[in-house]
Amino acid sequence: MKTLTIRNVPDDLYKTISRIAQQNRRSIQQQVLVILDKARVYDNETPIDKAMAIRQALMGRDLGNTLEEIHAERNQ
Numbered sequence: 001m002k003t004l005t006i007r008n009v010p011d012d013l014y015k016t017i018s019r020i021a022q023q024n025r026r027s028i029q030q031q032v033l034v035i036l037d038k039a040r041v042y043d044n045e046t047p048i049d050k051a052m053a054i055r056q057a058l059m060g061r062d063l064g065n066t067l068e069e070i071h072a073e074r075n076q
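The letter at position 3 of the sequence shown is residue 3 when you use the numbering used here, and the numbering goes up by one with no holes.
It should be emphasised that the hints constitute simulated quantities derived from the structure, not laboratory data. Given the structure is predicted, the values throughout are model-derived calculations rather than measurements. Every clue listed holds true.
Once the Cα atoms are required to be at most 27 Å apart in a straight line, the calculated BS3-like pairs of lysine-lysine come out as:
no.: 1; residue 1: Lys-38; residue 2: Lys-15
no.: 2; residue 1: Lys-38; residue 2: Lys-50
no.: 3; residue 1: Lys-38; residue 2: Lys-2
Please take these sequences and the hints and turn them into a complete structure.
Have a look at this one:
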């Protein structure tokens, strides 16, 4: 595992992280790791990006008529 050192943390930010850590019964280090882990979301594709990729993959395919298929299935 890697080690990360953060210098020059503003006092108010440190106090905020410390307070949140106490509320969650964590050390400051554990709380900072939780915060950083949640930041991974920003590295992932957004739902809109995923939807656009799916649309691109399906573009040009004959997907049929879903309503007609449902009606046909119900009438069997």
